[in-house]
Structure formats: C-alpha cells, structure tokens
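**Q** Below are the chains, spelled out letter by letter.
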Amino acid sequence: MADGRYAAGIAAGRLDSAQYAENFSDLHPPFDQHEALVEADRCYFCYDAPCMQACPTSIDIPLFIRQIATGNPLGSAKTIFDQNILGGMCARVCPTETLCEEACVREAAEGKPVQIGRLQRYATDTAMARGRQFYERGTPTGKRIAVVGAGPASLACAHRLSMHGHEVTIFEAKPKAGGLNEYGIAAYKTPDGFAQAEVDYILSIGGITIENGKALGRDFALADLTANYDAVFLGAGLAGVNALRAQGEDAAGVENAVDFIATLRQADDLSKLPVGRNVIVIGGGMTAIDAAIQSKLLGAEQVTICYRRGREHMNASEYEQELAAANGVVIRHWLQPRRVIVENGKAVGLELEYTALRDGRLVGTGEAVTLEADQIFKAIGQSFDPVPLNGSGNAIEMEAGRIRVDAEGRTSLPKVWAGGDCVLGGDDLTVSAVAQGRDAAESIHRTLVG
Amino acid sequence: MADIRNNFVGIKSPNPFWLASAPPTDKEYNVVRAFKAGWGGVVWKTLGEEGPPIVNVNGPRYGAIWGADRRLLGLNNIELITDRELQTNLREIKQVKRDWPDRALVVSLMVPCEENAWKAILPLVEETGADGIELNFGCPHGMSERGMGSAVGQVPEYIEMVTRWCKQNTRMPVIVKLTPNITDIRYPARAAKHGGADAVSLINTVSSITSVDLDTFSPEPSIDGKGSHGGYCGPAVKPIALNMVAEIARDPETAGLPISGIGGVTTWRDAAEFMALGAGNVQVCTAAMTYGFKIVQEMIEGLKNWMDEKGHARLEDFIGRATPNVTDWQYLNLNYVTKAHIDQDLCIKCGRCHIACEDTSHQAITAMVDGARHFEVIEEECVGCNLCVNVCPVEGCITMQPLAAGALDKRTGKIVEPVYANWTTHPNNPAAKIAAE
Numbered sequence: 402m403a404d405g406r407y408a409a410g411i412a413a414g415r416l417d418s419a420q421y422a423e424n425f426s427d428l429h430p431p432f433d434q435h436e437a438l439v440e441a442d443r444c445y446f447c448y449d450a451p452c453m454q455a456c457p458t459s460i461d462i463p464l465f466i467r468q469i470a471t472g473n474p475l476g477s478a479k480t481i482f483d484q485n486i487l488g489g490m491c492a493r494v495c496p497t498e499t500l501c502e503e504a505c506v507r508e509a510a511e512g513k514p515v516q517i518g519r520l521q522r523y524a525t526d527t528a529m530a531r532g533r534q535f536y537e538r539g540t541p542t543g544k545r546i547a548v549v550g551a552g553p554a555s556l557a558c559a560h561r562l563s564m565h566g567h568e569v570t571i572f573e574a575k576p577k578a579g580g581l582n583e584y585g586i587a588a589y590k591t592p593d594g595f596a597q598a599e600v601d602y603i604l605s606i607g608g609i610t611i612e613n614g615k616a617l618g619r620d621f622a623l624a625d626l627t628a629n630y631d632a633v634f635l636g637a638g639l640a641g642v643n644a645l646r647a648q649g650e651d652a653a654g655v656e657n658a659v660d661f662i663a664t665l666r667q668a669d670d671l672s673k674l675p676v677g678r679n680v681i682v683i684g685g686g687m688t689a690i691d692a693a694i695q696s697k698l699l700g701a702e703q704v705t706i707c708y709r710r711g712r713e714h715m716n717a718s719e720y721e722q723e724l725a726a727a728n729g730v731v732i733r734h735w736l737q738p739r740r741v742i743v744e745n746g747k748a749v750g751l752e753l754e755y756t757a758l759r760d761g762r763l764v765g766t767g768e769a770v771t772l773e774a775d776q777i778f779k780a781i782g783q784s785f786d787p788v789p790l791n792g793s794g795n796a797i798e799m800e801a802g803r804i805r806v807d808a809e810g811r812t813s814l815p816k817v818w819a820g821g822d823c824v825l826g827g828d829d830l831t832v833s834a835v836a837q838g839r840d841a842a843e844s845i846h847r848t849l850v851g
Numbered sequence: 020m021a022d023i024r025n026n027f028v029g030i031k032s033p034n035p036f037w038l039a040s041a042p043p044t045d046k047e048y049n050v051v052r053a054f055k056a057g058w059g060g061v062v063w064k065t066l067g068e069e070g071p072p073i074v075n076v077n078g079p080r081y082g083a084i085w086g087a088d089r090r091l092l093g094l095n096n097i098e099l100i101t102d103r104e105l106q107t108n109l110r111e112i113k114q115v116k117r118d119w120p121d122r123a124l125v126v127s128l129m130v131p132c133e134e135n136a137w138k139a140i141l142p143l144v145e146e147t148g149a150d151g152i153e154l155n156f157g158c159p160h161g162m163s164e165r166g167m168g169s170a171v172g173q174v175p176e177y178i179e180m181v182t183r184w185c186k187q188n189t190r191m192p193v194i195v196k197l198t199p200n201i202t203d204i205r206y207p208a209r210a211a212k213h214g215g216a217d218a219v220s221l222i223n224t225v226s227s228i229t230s231v232d233l234d235t236f237s238p239e240p241s242i243d244g245k246g247s248h249g250g251y252c253g254p255a256v257k258p259i260a261l262n263m264v265a266e267i268a269r270d271p272e273t274a275g276l277p278i279s280g281i282g283g284v285t286t287w288r289d290a291a292e293f294m295a296l297g298a299g300n301v302q303v304c305t306a307a308m309t310y311g312f313k314i315v316q317e318m319i320e321g322l323k324n325w326m327d328e329k330g331h332a333r334l335e336d337f338i339g340r341a342t343p344n345v346t347d348w349q350y351l352n353l354n355y356v357t358k359a360h361i362d363q364d365l366c367i368k369c370g371r372c373h374i375a376c377e378d379t380s381h382q383a384i385t386a387m388v389d390g391a392r393h394f395e396v397i398e399e400e401c402v403g404c405n406l407c408v409n410v411c412p413v414e415g416c417i418t419m420q421p422l423a424a425g426a427l428d429k430r431t432g433k434i435v436e437p438v439y440a441n442w443t444t445h446p447n448n449p450a451a452k453i454a455a456e
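If you're matching them up, the sequences are chains B and F in order. The numbers in this note's numbering rise by one with no breaks, and the one at position 249 of the first sequence is 650. The numbers in this note's numbering rise by one with no breaks, and the one at position 113 of the second sequence is 132.
With the rest of the complex left out, here is chain B (with noise of 0.2 Å):
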C-alpha cells in the first residue's frame, strides 16, 4: 500500500504508481472482432428503428451493426461518421443507456439491449486504426467560415462545411482542441488520447485551421468575424460556473469540479495529482460523477455526492449512478451546502441543510448535518458566459442564459449561427452537439451558395 494513502487533506501519491494505470484504464474495454460479431448477430435490423429515432445525430444503426456482422467494419464506419463525424468519441461517452440502448427492442423484450455503443466503437476504431478517410474536401468556394471553439459542436460544423468546400478558420481559447472532449470528460472513458486522435482525424480532410489561444472577447470580438467572414458559427460552450451561494466557499479546498476534471485530463502523471482524504462533490449531473469517480480513483478515502433532491432527480443517467456506487461513491439525496467549515483558510468540512419538496418547491427543512472534507467540488451546473459577446454591435437574442437559436442554428445575428452547449434547447450531450454544428453547417452551406 501506498505511504500516502491517508495523508490528511489534499494530496498527491495516495496510490501504488501501477494502480494509477489501472484505475483510468479503458472503462469499456473494446470489443474484438468475436465479441463484435456475436453482438451484432442480436440485432434485429427493425424497420424504422427506435434506437435510429433515439440518435439525436440519427446514425442508421441497423445499418451499421449489419455491415459489422456481415464482415464491412470499414462500411460501417461510413454509415456511422456519415451523420457523425465524432462517432468514436460518442461511441465512448454517450449515455447509451438512456438513448439508442434504451430505445433497443431488445431492452423491451429481456431487457438487455444491443450493446450499441460498443459496436459502434468497434467499427470507428477500425477505420480510424487503418486511418481510412471517407471523405474529401469539397471544391474549393472561396467562402470562409470563422467557428469559434474547437468542442464537437464546432468540428463537426468544421467538418461538414469542408466537405462542402468552404474555409473554415476555428478560434480556440484553449491550447487543445477538442472542448470538452479533451478537457471535461473522465479520462477513463475515454484513454490514450483518443480526443487528439480524433481531432487529428477530423481534420485531415484539410480546408480547416485552428487557431489555439484565440479567446472571444479577449483577443478578437464578434464583429471581428462578422466584418471579415462570410458566416460565423459560434461553438463555444458553458464558460461559466454555478456559485454555490454558501458560507466559505472562497476557502481553499473548494473548487470547480470542472476545473479537477481539466487538470486531471491534462496530467501527465496522475500520481502527482493531488486529491482529498475526504472529498464532497454537490451536484446531480454528468459531472458530479465524473469528478467523484476520479476523485475516487486517485485514492480519496471517502467520496461522497451530495445532491439537493431525490434519485429521481439526478441529471446522471441510472447507470451512472450505479458505476459511482460501484467505484465506492456515497451519494446521499435531500441535502443542500448552508456552509464551509474554514480552519486556517482551508476547508476541514461543509454543513449541509436537508431538503424537502413542499408545495412542489424545495425547501430547507432546518435540520442541518456536517460532514468532514478537505475537498469540496462544485458540480452544480455551467452557464454560458454573454460577456464576451459583447461589443458586437447588436446584440445576440439570449433566452434562459444561453443564446436562442432556430432549428437550423441560426441566431438573432445575420451571418451568425450557433450549436453545442451555449445554445438554447439542447440536452448538454456530445452526440446533440454533433447534431447542432452538423446541422447548422448544411444550413451555413445552403444559405452562403444556394
């Protein structure tokens, strides 16, 4: 065992140096070509299949499993990047258990669906490992396309609008692409730098520049790119964090979980990566337990989620709930932070009020508990951040904290389009990302050249 496994307060090295690798290694491991083809046998090929209608990118999956089954995996990638040019990433961070698996008929007829994601990873990794390209840039039409951010909403616009041969120029605040990809979602779902491998894949069809360190607001405005580009599509994501609005939560120890799941991406070695003995994460969502789950596997004694309302209400999908509790992640319900517990600047604990819906409102009940942490994560939610739009002339029509859009991407702004998290209606997931910067470059497309 490790000498530092329960140092108190917040540090590194609390693991043997091998059980770092361990721990982040692949949560899914990839199918061989076996276990490949005796899954695909499950599928039923339905007509007009509810898995297909549950894709927010609408990837013919009937299709591709049987081109995997009939030994195409190279087709079937086709079918699959055909609608979703980040199909590998999907493959590995969407919550399939609440949209094409639960959709499965499968799921309905023994409640075990196709393993869709799985497959779907299958045949993009073999294309991707055999660094087939399906598709070339599209004659050259002299328009040129600004994309701000580099996340899946934005490559995937980037993408499509090369195929259609249209400039695309991708300001990037961070120093890699991939937004959240590369930098907000837990390393093992997603290992061996796969968010580069991706990005680089994508890009290959040529057409496409980014520019890294490029921040809207602060090294260019919106009417930079308005004046100078044919259209604009803005992919920029949730900046913003929610404030807990609690007692002491400048105090040391309290952080963004965000901002831990950054840091944890980009480390080159984990063992230096410090974390608490008793670490708390408030929040319900994705990001809760992404933050949880590492927090765990970096060798936190005790983990606990603590979320204001019931399991029910949790943004995290069932099965997410249950990989936390089987990562060893207490998440307790009903209970919202009132205060930090400071000694000598640092978190020591957070007292926390239970909660109980009244009237369908929430409400403190005055009961109060206090549990011990050294390190405290906010999870409860990002906000898109309007300031850096402003300065832009007009300003763009916002709605709810995020910027409204039509069902084609289009914002209030002539030339300006808009996809991913920073817009209005969508669901915070990768794969309707796609879908949006997708979408709004055939919209692009269609009005730049008719």
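Calculated directly from the structure, the hints in this document are not laboratory data. Computed from a predicted structure; not experimentally measured. For glycine and all other residues, C-beta sits at the position ideal for the given N, C-alpha and C. Accuracy of the hints is not assured; some may be wrong.
[Claimed, not checked] Only part of the chain F face toward chain B is listed, based on derived beta-carbon distances under 8 Å:
#	residue
1	Asp88
2	Lys368
3	Cys369
4	Gly370
5	Ala386
[Claimed, not checked] Taking beta-carbon pairs under 10 Å as the criterion, some of the chain F residues facing chain B (in silico):
#	residue
6	Ala87
7	Arg89
8	Ile367
9	Arg371
10	Cys372
11	His373
12	Ile374
13	Ala375
14	Glu377
15	Asp378
16	Met387
17	Pro412
18	Val413
Given the structure of chain B, go ahead and fit chain F onto it with the hints provided.
**A** Just chain F now, with coordinates in the frame of chain B:
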C-alpha cells in the same frame, strides 16, 4: 412412462435414435462411445469391396453454413466411404455386436453394380452377426463418379436390380438408402420396393457447394484452390427430408414400406416429426458431429416426456399420424380463412412484421397509429399468409387465427362458409370437377 423401444423391420433397439452411416460410426471406438451415451443403434459407415482401401482427400472434408451466433445450420462433406481395411471393420463390427447385443447394428454397403461384388460381401457381413444392411445408393460425391452411390440411386432400375441381388443372397433385412438428388423421390422408393427391400432410409446428402472463398475464388471446402460438390446435411435439409418421407409414406404404391427418417434430426421434436410423417425410426449424424453423442439423452427424455403428455404409450401410437394430413394443394380447404393477430403485450415493436408485409406482401400491418409506433393487423388487407409470424423474433407474439364459420372476412366482404371446399370445385377452375353453383 412411455415405452420408446423400437422394432424396425425386425431390428430391435432400446430407442428409435440411430446414428447414420457417417464418420461417427466408422470404427469400434466411436460406436462404443455412442452406445455408452445411449444411442439405440448405429448404421456402420459404408464398407466397400475387399481390396486396397479407399483414399480420402488430405485437405478439409467439410464446409458449413451458420446461423446467428454461428450455430451450424448446414454441413457439407466430401469424405468417401470407409478408408479402413474391410477385415478390420468386419472384425470390429462382430466384436461390438457381441458386446452390445441389445443395440441395433446395421452395416452400410457400397460395392460396384455387379452381382458378384454383392455376393462376395454379403456373407462376410452376415458372419459378423450384424442386424441388417443398408445399401448406400445416396452418396453424391466421389463414389458416384465411379458408378456407385447416387449414380445407382438416380436410376430406379439399378436400385431394383441391386436390391433384388441382395435379397436373394442374404437373410438379413435390406434397407435401401435413397438420394434426394432426383426429381421425384417416389420412383426410387417404388424401385426399392419392387426389388424386395424391407425398408428405405432417407435422405442421403444433397449435392452442394457451401460457399466460395472470395479471396481465392475457390469453392469451400477448398483443396489446394479447387473444390468439388459435397453432400449437404444438417438442420437446413430437414424440410426437404420431411417432404420426401411424406411423399413415400402417402404414395399408394409404397404405403406401408418402412422408412428410416434421416435429414437434420437435431432434437426429440425433429425425430417425432419424422415419425409422425411415417418414419419408423430416425438416423442422426450432423447433430452428433456438432455437439457430441450426449445429445441423445435430450432426445430420449424429450420424446418420452412428450409422449407421456400426449398419452402415446408406444412409438406405434403416433408413427404415421401426420401422414393422412399431407395432401395435394388442390384438396386444401379454401373456406379456411385466417387472419394474423399481434399480441400487443408480447410485441417488442421491432417493426419487422410491418416492413415485410409493407414492402413484400399485402400492406396489412400498421406502423403508426395516432402518432405512436404501433403494429396491428389491418384485417381488410390481411390474406393470412403467415409471413409476419415467420419474421417475428418473439415466439407466440403473432398468431394466425381462423375465422369461425359465419364470420365476415373483411378482406373479401364474404361470410366464411361452414363447409369444406377446394380448388377442384372452385368456379375459377376451368377443370372443376363439379360445376359451380
């Protein structure tokens, strides 16, 4: 408990499950293992005449096709008759029969189409104490090129001639094994009967190429880049075999001729079906070659259990019970009207019934009702064809339900008649035997 002891043309065995003449019955070692596992009898792999033994290919002998989960559905082989010394086989047959007197031991034979060749081998087999012989007129590959096997089985006159030679030269019961590689199975069966055969067994394997290697463009199984048609067997051929058994069982000229049913028998249910159509027992090969000899345990217990449930005390109580129900199309009751019915509680909404009906048949199943995914039969369009039943992945979800006499057939707008009426009397039939009213 049902009694499944079998008496087939005087050959007794504790159950009706025999192993067919094939690789599993080529030598004492295998046959003893089979008897230990519980098989009622074996037909020893085909012996040829005295002399240098047959040679087999040294490359692959089998090809196959598979269903879901790589279940073997059809097997094809290019193996010839036994490639062991005649005397070795005879010695082992004698020993096995002595050690296992209660089991049926029939010897399969194939020698040239000359009376002397048959006269020479029959006493040798008789001397072993074997219970009977089976004439291999079925093997479609290799031996047929030398004027034996199916080359004989495809010429009824030869069948009759050789059968007669055998009957004249041995006291043993003679079973004639028929090839399905002909157009009408009744002709070879009649020939066997005319020759004095005690029984026929069928089917032997079907001439086949299982697949083609798309890299080398060689048929499978590939012998150094070339292939030859093989004999096809296994579950895939069962429907062909059932029909041929029924054709012989209901042919007035061969009715009553004992039949040993062969062709894709894999479970007790398959065996019961063959026997219901008139087979006195069954022979099994591919199932054993796929799963080993243990499968006979399931067959024995399954058959007994079914017989007990149905009140069949002995095999004779159900053998041939389905034969009278096999008829010509022209005698089928055209006043029997069925409609598909989908059990909504069992439906998993895969939609295959809909698309099969919509694309390829009668547009009689909905896909969407009131904006919801819903599959329901449109009785006005349903002709009762059964395709939806066959493509549905859930057993029992879609059933064909007959309309009672007096009910309205919404498709035709006619009332279902209470009487039987067939094509022979139908007004649309120019050759109607009774004028339409």
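**Q** Would you mind marking each hint as holding or not holding in the structure?
**A** Okay, the hints, checked on the actual structure:
For aspartate 88 of chain F, the shortest C-beta to C-beta distance to chain B is roughly 5 Å, which falls under 8 Å, so the interface hint holds. Hint on lysine 368 of chain F holds. Least Cβ distance to chain B is approximately 6 Å, under the 8 Å limit. With a least beta-carbon distance of about 4 Å to chain B, the hint placing cysteine 369 of chain F at the interface is held under the 8 Å criterion. Restraint check, glycine 370 of chain F versus chain B: the minimum CB separation of about 3 Å is within 8 Å; hint holds.
Annotation: alanine 386 of chain F was flagged as interfacial toward chain B, and the flag holds, the nearest CB pair being 7 Å apart, inside 8 Å. Hint status for alanine 87 of chain F relative to chain B: holds, with the closest Cβ pair at about 5 Å, below 10 Å. Hint status for arginine 89 of chain F: holds, given a least beta-carbon distance of 8 Å to chain B, under 10 Å. A hinted interface residue such as isoleucine 367 of chain F counts as satisfied when its beta carbon comes closer than 10 Å to some beta carbon of chain B; here the least separation is about 4 Å, so the hint holds.
Given hint, arginine 371 of chain F at the interface with chain B, holds; its Cβ is 6 Å from that chain's nearest Cβ, closer than 10 Å. Look at cysteine 372 of chain F: its Cβ gets to within about 9 Å of chain B, closer than 10 Å, so that hint holds up. At its closest, the beta carbon of histidine 373 of chain F sits 6 Å from a beta carbon of chain B; the interface hint therefore holds under the 10 Å criterion. With a cut of 10 Å, the hint placing isoleucine 374 of chain F at the interface with chain B holds, because the nearest CB-to-CB distance is about 4 Å.
At its closest, the beta carbon of alanine 375 of chain F sits 9 Å from a beta carbon of chain B; the interface hint therefore holds under the 10 Å criterion. Checking glutamate 377 of chain F against chain B by beta carbon gives a least distance of about 8 Å; that is within 10 Å, so the hint holds. With a cut of 10 Å, the hint placing aspartate 378 of chain F at the interface with chain B holds, because the nearest CB-to-CB distance is about 9 Å. Proximity of methionine 387 of chain F to chain B holds as hinted, the smallest CB-CB distance being about 9 Å (cut-off 10 Å).
Satisfaction of the interface hint for proline 412 of chain F is found here, the shortest Cβ-Cβ separation to chain B being roughly 5 Å, below the 10 Å cut-off. For the restraint placing valine 413 of chain F at the interface with chain B, the shortest Cβ-Cβ distance is roughly 6 Å, inside the 10 Å limit, so the hint holds.
Checked against the numbered hints listed earlier, the structure breaks none of them; every hint is satisfied.
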